[in-house]
Amino acid sequence: MSEAANNQKNEVIDLAHVEKGSSLWSDSWRRLSKNHLAVGGGFLLLAIAIVCVLGIWIGQSHEEQNLSLGPTAPSSDHWLGTDMLGRDMLARILFGGRISLLVGLVATFVSLVIGVIYGTVSGYIGGKVDSVMMRIVDILYTIPFIIFVILLMVFFGRNLVLIFVAIGAVEWLTMARIVRGQVLSIKNEEFIEAAQALGLSRMRIIFRHIIPNVIGPVIVYATLTVPSVMLLEAVLSFLGLGVQAPATSWGALIKEGADAMEEYPWMLLFPGGALAITLFCLNFLGDGLRDALDVRRSKD
Amino acid sequence: MNLKETLKVLLGGSLFFAVSILLLYVLSGFGDRPRLADDGAKRQILHIANGSEPSGIDTHLTTGVTEHAIQMALTEGLVSEDPVNLDPVPGIAHSWDTSEDGTVYTFHLRDALWSNGDPITAQDFVLSFKRALSPKLGNEYTYMLYYLVNGEAFFKGEVEFNEVGAKALDDKTLQLTINEPTPFFLSLLNHHSWYPVHVATVLENGDLDSRSNKWAREDTFVGNGPFVIDEWKVNNVFSVRKNPLYWDADRVKLQGIRFYPLESLDTEERAFRAGQVHKTDKLPLPKIPFYIERNDPNLLLAPYLGSYHYSINTTRPPFNDKRVRQALSLSIDRESIVKNVSRAGEQAAYSIVPPDCAGYTPRQLFEKDIVKAQRLLAEAGFPGGEGFPEFNILYNTLESHKSIAEAIQQMWRKNLGIDVGLENQEWKVYLTSKMNMDYDIARYGWIGDYVDPTTFLGLYTSYSGNNNSGWGSQEYDDLLAKAAKAKSLEERMEYFHQAEKILADESPFIPIYYYMSSYLLDSRIKGWYPNLLDHHPYKYVYFEE
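Those protein sequences? They're chains A and B, same order as listed.
Residue 1 is where the first sequence starts when you use this note's numbering, and the numbers rise one by one after that.
Residue 1 is where the second sequence starts when you use this note's numbering, and the numbers rise one by one after that.
No lab work stands behind these hints: they were computed from the structure.
Careful: at least some of the hints might be erroneous.
Unchecked claim - Dumping the calculated DSS-like pairs for lysine-lysine here, alpha-carbon to alpha-carbon at most 30 Å:
1) A:K255 x B:K339
2) B:K402 x A:K255
3) B:K233 x A:K255
4) B:K414 x A:K255
5) A:K255 x B:K428
6) B:K8 x A:K34
7) B:K339 x B:K501
8) B:K156 x B:K402
Note that the structure is predicted; figures quoted are calculated from it, not measured.
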C-alpha cells in the first residue's frame, strides 16, 4: 500500500513539472520585469535607500548647527538650503530618510511575520481556535493606538526599537484578518486536501502549501503598509513619542517645514518631495507585484 | 504593461491631479468661511488664542499665564489695576485707609454681588485667605500671603487662623495687617492668589481646603468678575459672557470672550490671518523677522517682565554638585540664542530679575566662559563630559521651546561633551512633572506677578511653592527678609544684589533671556495698552464701533 502511495506522489509531482515548464517564481519575475513602472519604482527606491545610507559619509552633519547663519535658501554650500538653526537640509533629509525607511521596512516586516503566521493558523485550524484568535484581534483593535504607545513608553522608556514594536504590534492586526480570509478561501481546494491525504503535518501544510499561495495579497498589503507606517512615525514624532532631536525623520522634517513654509519654502519642499517620491515608488512596486504574483491570473 | 501604456497612465494621472487641484482652488474661492474676527468686532466678542488648555480655574491652585488670562475675566480682588500703568485702582473695595506705619490696611467693600446674586462680604475674603494659606490645599502661591502677620506661622501649623492678620470688622469692612510696610502691597492684592472664592459653593462641593474639590467647574463655578462662564469645552473653547451682576457692568463693553487652546503658534498665526481670532499668544519664531520688517500694524512688540530660564532639579546627581550647574550655565551662548533663535529683541539674561524692574537692575555676575565651564566639569568628576549620566530637558510642547532646547543641546555637546535628550509634555502634564520634581532640567518661564524684584527673587526662596529646584538656602531667605525690613531704597537694592550673588554662585537655575511680548493683536481692538506684565483688564477692552 505504501509503495503505491509513493508512486502516486511521484507521478503528481512529475505531471505538475511537465505542465508548468517554469516555476511560479520565475513566471512572476518575468511578468514583473515587463512592468516598467514597477521596475523603475523598485530601482529608484533602491537608489534612495543607498543614497540615504551613504549619506553619513557626505561632508555635512545633520546636527551641526550654525546659529548665526540661520535659514538660507539652497546655495552651492548647502545644496538644499539650511533650516532654522542653520543645519544643512541635505544632510538632515538623508539622515531622516534612514530613520523613515528603517521604520517603514522593519515595522512592516514585524507586522508581516506576526500577521501572516497568526492569520494562517487561525484560518487553517478553524473552529473554536479560530473564534478565540479572532476575538483577541478584535479586542486588540479597540485599544487606542496613542494610549498604547504612551503605556509602552512608561514601561520601557523611549527609544527607536519601541517605535518598531509599537507600530508593528498595531499593524499586524489588519494583516492577520486579510490572511485569514485568504486562507479560508483556499483551505478547501484540492491541493490542500491532497496534502492532508498524504499525511503531511499541519505545520508543513501551513508553511509549504498555504503561505506561498496567499503571498500575493500579502505583498500588496505590505507595500501599502510601508507608507502608512512612515506616516504613523511622523505622527509619533510630532507628539514627542518618536525620534528625538537632534535625530530626525522625514515626518519630523515635514512638520518643521510646514511651520515655516511661507517664509522658507525649501524646508518643506525637499523633505516633502523625498517622502512623496518614495511613496510613489512603493505604490508602483506594490501594484506591479500584485499583478506579477497573482497565481490565478491566466498565464501570458 | 509596455512603455507606451505606462507613459499614458502617468500623463493621464498627472493631468487628472492638476485639474482636480485647480478645481478645488477655484471652488474654495467661493463660499468663504465666516470670519469670526469680523463678526466678533461687530458684536463685541473677543476671540483669543490662549496657548494651552487651562489646567483649571481655581484661583488658589493655578500658576500659569494661560489660566490667569481666564481668571482675570471671572474674578476680581479687593483692588483692580489701571490698564495703562498697572497702578492699583478700586476693585471690590471702593476705598481703603492705611495706618501711619503702613502695616494696617482697612478696606471698605462696595455693595457688589457674586455671579449667583449673593452679596460679597468681608468674611468671604477672610475665608478665602484661610483657604489659600491652609497647608492641606497645597497652594503653590502660599508665600504670596506670607506678608500677612502670622501668615507663614498659620501655614506651618504654629498658630490658629484667628491670629492671622486678616479680620472682618463687619460685613463690608476688612482689615489686613502685614509684617512690614510694603510699598507694592496693593499691587500684590491684584494677584490671583489674593482673589476671593465663593465659600458656600466651595463647601457645597467638598472641604474648603481639599485639593480634589471640584467646585471650579463649568456648571458650579461662582465668580465676581466682569464675565461669567458660558461654556467650557475641553480642548476646544473656554467661553465667557458679560456678567450683568458685576458692579461696574456699565463700563464693560465686551459681550463675551472666547479662549481657544490651540497649542501651536503656527495654528494661532494662521487662525489670526484667516480672521478667526483677535489675539495670538506668541508669534512663531520663523515669522518674527518678517513681521518686524514689514512693520505689520497687528504686531505688538513690548518688553515683558519675565524670565525664561531652565530650572535644575538639584536633588538628582550629578546636579546636586554646584560646579556641574555652573558649568552648564557658563557654557551657553545666550547672545546667540536671542539674536538667532528667539529673534524678537529679547535680552540675554544672566540673572533672574529683568533689568530696570521697579528701579532695580541686576549686575552681570558672570559671562559665557567655556574654559572655566570645562574646568568646573572636570573638577566635578566629568572631564570632557566623560561619564556624565543621561538626562533630559523637559519643556511644554511648543515649537519655540524646542528650537531653544535644540540650540542648547548642541552647545552643551560641543562645549562640554555632554549629551542631553529632549522631552516634551503637554502643558498640564508638564506642570505636574515640574511640581513633583519629576525632571532633570525643565524649561521655566516666570512672569512677574507685580512690578518688583521680589516677584522674581521670591521664586527661589526655600518656602516658595513655585521653586521646583529642590534648592534652598537660609542665607538667601534671610537676605530677602532683611530687604523687606530695609529702611532705604539703596539698602533694599543692596540686599537684592547680595541675594543674586548667591543665586549666581549656586545656580539652581540657568537664566537664558528676558521676555519680550511678541504677538498679533487685531488693530480694531481699543483699550489694550502694552505694559510690563501684559495684563489687560477686559473691562476696558472694546471694539471701535
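Legend entry - Proposed proximity, K402 of chain B with K156 of chain B (alpha carbon, max 30 Å): Given that 30 Å is the threshold and the Cα spacing comes to 39 Å, the pair is violated.
Legend entry - Proposed proximity, K255 of chain A with K402 of chain B (alpha carbon, max 30 Å): 13 Å, holds
Inset, instruction - Sort out whether K339 of chain B lies within 30 Å of K255 of chain A, counting only the CA atoms. - result: 24 Å, holds
Legend entry - Restraint check for K414 of chain B with K255 of chain A, where alpha carbons must lie at most 30 Å apart: Holds. K414 of chain B to K255 of chain A sits at ~26 Å (cutoff 30 Å).
Legend entry - Pair hint K339 of chain B and K501 of chain B, alpha-carbon separation not exceeding 30 Å: 26 Å, holds
Inset, instruction - Below or equal to 30 Å on CA atoms is what counts here, so check K255 of chain A against K428 of chain B. - result: Holds, at about 23 Å.
Inset, instruction - Measure nothing beyond the straight line between the CA atoms of K8 of chain B and K34 of chain A; if it is 30 Å or shorter, mark the hint as holding. - result: 16 Å, holds
Legend entry - Hint consistency between K233 of chain B and K255 of chain A [alpha-carbon to alpha-carbon, up to 30 Å]: Within the cut-off at roughly 27 Å; holds.
Consistency note: the structure conflicts with earlier hint 8 alone.
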